Amino acid sequence: MRSQIEGSRAVAQAVALCRPEVVSAYPISPQTHIVEALSNLVRTGELAPCEYLLVESEFAAMSAAIGASATGARAYTATASQGLLYMAEAVYNASGLGLPIVMTVANRAIGAPINIWNDHSDTMSQRDCGWIQLYAESNQEAVDLHVQAFKLAEALSLPVMVCMDGFVLTHAVEEVDVPTQAEVDAFLPPFEPRQVLDPDDPVTIGAMVGPEAFAEVKYLMHAKQMQALDLIPELAAEFSQAFGRTSGGLVRGYRSSDAETIVVALGSVLGTIEEVVDDLREQGVKIGAVGVTCFRPYPLEEIRAALGHARRVVVLEKAFAVGVGGIVGQNVRLALSGLPVEVLDVVAGLGGRAITKQSLHGLVADVLAGRLEPGRLTFLDLDWKLVERELERMGRGRRSGPHAENILRDVGAVAAKPH
Amino acid sequence: MFQVRIHGRGGQGVVTAAELLSVAAFDEGRHAQAFPTFGSERTGAPVIGFCRIDDRAIRVREPIIEPDAVIVQDPTLLHQVDVFGGLGPDGYLLINSERSLEELGIGELEERFRAERLVTVPATEVARELLGRPLPNAALLGGFAALTGVVSLASVAAAIRARFPGEVGERNVRAAERAFELVSSQVREPSRA
Amino acid sequence: MPLQPIKFYQAGSFAVGNRLLDPDQRSVQARTERSNTLTSGHRACQGCGEALGARYALDAAMRATGGRLIAANATGCLEVFSTPYPESSWQLPWIHSLFANAPSVATGIAAALRAKGRTDVRVVGQGGDGGTMDIGFACLSGMFERNDDVLYVCYDNEAYMNTGVQRSSATPAAARTATTGAVGPEPGNVFGQGKNAPLIAMAHEIPYVATATVAELRDLEYKIERAMEFRGARYVHVFVPCPLGWGSASRDTIRIARLAKETGLFPVFEAEHGEVVSVSKIRRQVPVEEYLQPQRRFAHLFGDPPRTDVIERIQAGADRNIRRFGLLEGEDAATDGLMRVLAETDRGPQ
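Chains as they are written, first to last, in the working numbering: chain A, 18 to 436; chain B, 3 to 195; chain C, 27 to 376.
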């Protein structure tokens with residue numbers, strides 16, 4: 018049913034429709050509205066049978082999900098940022114054990130310095146953990162991806178994280194078509210676990226595996242994730258058939274098939290990018306965009322196919338590898354190796370700094386004029402004076418103090434003026 | 003696209019106002035997007051609610067830098083936060099206050115903008131009288147409907163009732179209706195009822 | 027005439043005479059149809075207190091639940107020696123996830139069973155003192171405060187044994203470990219640290235908390251089965267000597283456990299909803315030296331000259347426990363949980 022609804026609530030409704038049997042919840046901005054909404058759905062009996070666990074930490078949240086999933090229950094949790102890191106050990110454990118848990122990550126920056134606003138550093142830090150990672154462009158897609166995620170997870174017996182931009186999507190009220198229970202039931206069959214703790218058929222799960230077999234187990238994890246590259250498009254097609262709209266899949270192009278310049282991005286910023294593409298196309302610029310919906314497993318061939326014909330690719334990402342450069346950019350280069358495509362790495366939106374149409378127009382102008390240094394990470398909208406002052410301050414003495422607090426002296430506080 | 007920026011303080015229902023406005027537009031068959039500036043929960047801190055309304059699907063995700071309308075729920079922000087930033091010369095301004103623009107110390111705005119589009123309405127007083135609480139957001143939405151005609155009063159009322167069932171909703175609707183009347187009488191351009 | 031309980035003890039081992047008891051009161055291990063939940067073939071050290079405790083505890087839990095039991099195990103000796111991949115000595119559904127999360131995993135299992143309406147299946151979480159009292163403490167406390175339907179059993183050998191005998195919050199004062207060496211002005215673990223997990227469990231006011239040792243295995247079985255009569259969070263803390271970590275002879279495991287009780291260093295009791303309901307009395311109080319001497323982890327106290335000052339402090343701690351828990355105040359069958367149960371049968375102890 019189409020309604021004007023907050024993203025978090027829509028996701029909570031979508032998750033509830035998937036009939037999870039155990040939901041473990043620990044609050045962290047900006048995921049709180051999701052777990053609050055689910056709590057109410059369980060309390061009123063709208064979501065039943067479901068056990069809602071008010072756990073004492075994110076680590077406990079994922080651990081409880083592990084226990085529940087291993088017992089054959091459909092398990093779900095949600096987190097962001099620091100919470101994802103706090104549960105990191107359990108996140109790896111879940112994928113290592115092959116448990117089909119679904120988790121929402123409301124993308125938020127990782128501290129220090131503490132920052133509650135949106136960027137991708139949290140899920141990017143877990144890109145190698147063995148979970149499938151899907152990124153939603155809109156709240157509609159976030160809803161749809163959760164429905165697809167449970168089916169995907171259970172088909173492969175692998176956990177899936179659905180990434181949606183914190184605040185930007187979670188707290189935005191917009192039009193979402195939330196499916197009916199009947200529609201979801203028709204799409205998502207009951208959970209049939211591959212392994213389950215059951216006194217009628219006892220198994221030992223989680224033994225220590227030594228050098229003689231560890232590599233093989235890891236290879237199988239990798240192979241299973243690679244199977245997702247085939248399954249995800251199938252599921253997206255199936256979803257499209259059943260629900261009548263395009264959602265999910267591996268990559269999605271926007272006016273990219275004849276583009277000379279293509280901007281690559283993940284998540285909600287694609288909406289803004291598409292507006293900029295439309296503006297520029299009207300001016301005759303042959304530009305397009307490619308959104309990566311499935312980041313792990315990495316759809317290398319699909320990305321190569323989508324970008325290979327372009328003259329230049331601008332990878333716009335909301336995280337970066339400190340001391341190295343772009344993360345998505347690095348993966349894109351991998352996909353394009355051997356092709357004469359110029360790849361430019363741009364990081365933007367860190368810690369929730371808005372990525373505006375104006376900035377993007379400026380960026381594209383710089384790109385087309387060759388003002389970006391290839392091979393170097395470009396920081397969009399960085400206050401260069403500020404960083405140079407701080408670097409100079411650092412150079413002056415050994416006890417230079419914390420960067421964030423030092424910079425405040427230059428940024429200044431908002432002064433209240435008298436009436 | 004019509005872009006609205008609502009300025010207020012935490013606890014005054016700014017976020018709800020933006021949301022209700024988006025629901026009103028949605029109910030009229032349009033596309034709408036509402037979102038707040040985000041921060042840790044804190045009463046009294048400056049908060050901004052954004053709402054975009056369009057006939058096409060809205061894809062952009064940036065804060066509203068060039069609003070078509072600005073609503074100021076708390077006049078103490080007038081000289082503290084740049085509430086008018088980006089408002090175009092044809093922009094609408096609705097300020098929650100018993101006082102006139104002159105009395106608020108921003109009389110010079112009438113030179114920068116279209117005077118008939120700059121309105122103050124005592125929304126808090128209306129709310130106190132009709133709700134028993136100084137929550138001006140519903141009243142201001144009624145005033146907004148009168149000032150801009152972008153959404154109808156009926157849609158605003160329906161959105162309020164859907165969000166606040168029972169007596170609470172009814173009182174808020176009455177506040178919206180009262181503010182609608184007050185603004186209508188000030189505005190020289192026709193508005194939809 | 028008041029009931030006069032007489033206990034027959036086997037010479038040497040002090041095991042209560044099994045044949046004299048009602049069949050229902052006899053040890054689970056006496057039955058051929060026992061579950062052998064932790065069956066033979068595991069790789070525990072000779073004389074491992076934990077292996078002994080776990081075998082008795084789990085077989086008792088299986089009897090109490092009719093074999094409808096799932097176990098979540100923390101990382102540690104028990105997990106490692108019981109599942110030498112590709113073998114497993116567990117004959118029940120068993121999962122090992124991480125070091126710190128056994129209580130949370132157990133919580134999740136219990137929740138799944140509840141969601142599926144399978145309330146006949148019960149859940150046990152288990153781990154050593156390191157995994158339970160240190161790294162897993164937050165998860166344990168969370169499970170307690172939510173009153174999740176889990177029995178958690180802690181096998182306390184007073185250090186991180188599996189990783190090479192490092193100090194934990196359960197390591198007693200003056201004990202030598204790899205990280206509290208018998209060197210410097212205060213050799214061994216310092217005084218004034220550590221935590222009392224059973225008392226902390228009681229502070230959560232959970233339905234049942236008990237302590238036990240592998241010297242009184244029948245008592246351990248009784249406590250596990252008693253715990254299974256409750257729903258909600260339950261905690262049993264079992265004292266299990268570790269010959270390797272403690273530097274004691276593998277044949278002395280049970281004897282040392284008995285000495286821990288009889289010195290007053292390890293109080294044996296039961297509590298319900300935060301209040302002590304039964305205490306296992308000390309038969310004959312023993313000075314702490316008798317307990318300390320067979321363990322090389324305390325060898326530095328018996329050098330030349332001996333550290334009588336430290337031994338006195340340890341004795342003071344034992345005396346305090348005796349006073350605090352009433353471990354010596356006259357024989358009173360009513361306050362000893364196991365004795366109370368035995369007394370309720372027709373035949374009872376004779």
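Hints are computed from structural coordinates only; laboratory data are not their basis.
Do not rely on the hints blindly, as some may be mistaken.
To be verified - Straight-line alpha carbon distances no greater than 25 Å define the calculated SDA-like cross-link-like pairs of lysine to any residue that follow:
1) C:Lys-142 x A:Lys-374
2) C:Lys-142 x A:Val-220
3) A:Lys-374 x B:Phe-4
4) C:Lys-221 x A:Glu-73
5) C:Lys-142 x A:Pro-216
6) A:Lys-235 x C:Phe-107
7) A:Lys-374 x B:Val-83
8) A:Lys-374 x B:Phe-86
9) A:Lys-303 x B:Val-62
10) A:Lys-303 x A:Lys-374
11) C:Lys-142 x A:Phe-208
12) A:Lys-374 x A:Arg-298
13) A:Lys-235 x C:Pro-112
14) C:Lys-142 x A:Arg-60
15) A:Lys-235 x C:Glu-338
16) A:Lys-374 x B:Glu-64
17) C:Lys-221 x C:Gly-352
18) A:Lys-235 x C:Arg-140
19) A:Lys-303 x A:Val-358
20) A:Lys-374 x B:Arg-58
21) C:Lys-142 x A:Leu-71
22) A:Lys-235 x A:Val-220
23) C:Lys-142 x A:Arg-298
24) C:Lys-142 x A:Gln-198
25) C:Lys-142 x A:Ala-54
26) C:Lys-142 x A:Leu-173
27) C:Lys-142 x A:Arg-211
28) A:Lys-235 x C:Val-106
29) C:Lys-221 x C:Glu-338
30) C:Lys-142 x A:Thr-197
31) A:Lys-374 x B:Val-170
32) C:Lys-142 x A:Pro-66
33) A:Lys-241 x A:Arg-321
This one's a predicted model, so the numbers in the text were calculated from it and none came from an experiment.
Okay, the hints, checked on the actual structure:
1. C:Lys-142 x A:Lys-374: Measuring from Cα to Cα gives roughly 51 Å; hence the hint is violated.
2. C:Lys-142 x A:Val-220: Holds - the C-alpha atoms of Val-220 (chain A) and Lys-142 (chain C) are around 19 Å apart, at most 25 Å.
3. A:Lys-374 x B:Phe-4: At roughly 16 Å apart (the allowed maximum being 25 Å), Phe-4 (chain B) and Lys-374 (chain A) satisfy the hint.
4. C:Lys-221 x A:Glu-73: holds, 20 Å
5. C:Lys-142 x A:Pro-216: holds, 14 Å
6. A:Lys-235 x C:Phe-107: It holds: about 23 Å lies between the C-alpha atoms, which stays within 25 Å.
7. A:Lys-374 x B:Val-83: Judged against 25 Å, a Cα distance of about 23 Å means the pair holds.
8. A:Lys-374 x B:Phe-86: Satisfied, since the Cα-Cα distance of roughly 20 Å is no more than 25 Å.
9. A:Lys-303 x B:Val-62: holds, 20 Å
10. A:Lys-303 x A:Lys-374: holds, 17 Å
11. C:Lys-142 x A:Phe-208: holds, 12 Å
12. A:Lys-374 x A:Arg-298: holds, 14 Å
13. A:Lys-235 x C:Pro-112: Answer holds: Lys-235 (chain A) to Pro-112 (chain C) is near 16 Å, not above 25 Å.
14. C:Lys-142 x A:Arg-60: holds, 17 Å
15. A:Lys-235 x C:Glu-338: violated, 55 Å
16. A:Lys-374 x B:Glu-64: holds, 8 Å
17. C:Lys-221 x C:Gly-352: holds, 20 Å
18. A:Lys-235 x C:Arg-140: violated, 33 Å
19. A:Lys-303 x A:Val-358: Judged against 25 Å, a Cα distance of about 15 Å means the pair holds.
20. A:Lys-374 x B:Arg-58: Holds, at about 18 Å.
21. C:Lys-142 x A:Leu-71: holds, 19 Å
22. A:Lys-235 x A:Val-220: Holds, at about 21 Å.
23. C:Lys-142 x A:Arg-298: violated, 56 Å
24. C:Lys-142 x A:Gln-198: holds, 20 Å
25. C:Lys-142 x A:Ala-54: holds, 22 Å
26. C:Lys-142 x A:Leu-173: Measuring from Cα to Cα gives roughly 23 Å; hence the hint holds.
27. C:Lys-142 x A:Arg-211: This hinted pair holds, its Cα atoms lying about 17 Å apart.
28. A:Lys-235 x C:Val-106: The hint holds at about 20 Å.
29. C:Lys-221 x C:Glu-338: holds, 21 Å
30. C:Lys-142 x A:Thr-197: holds, 23 Å
31. A:Lys-374 x B:Val-170: violated, 40 Å
32. C:Lys-142 x A:Pro-66: Distance ~7 Å between Lys-142 (chain C) and Pro-66 (chain A) Cα, so the pair holds.
33. A:Lys-241 x A:Arg-321: Status holds; Cα separation ~22 Å.
When each numbered hint is compared with the structure, violations occur for hints 1, 15, 18, 23, 31.
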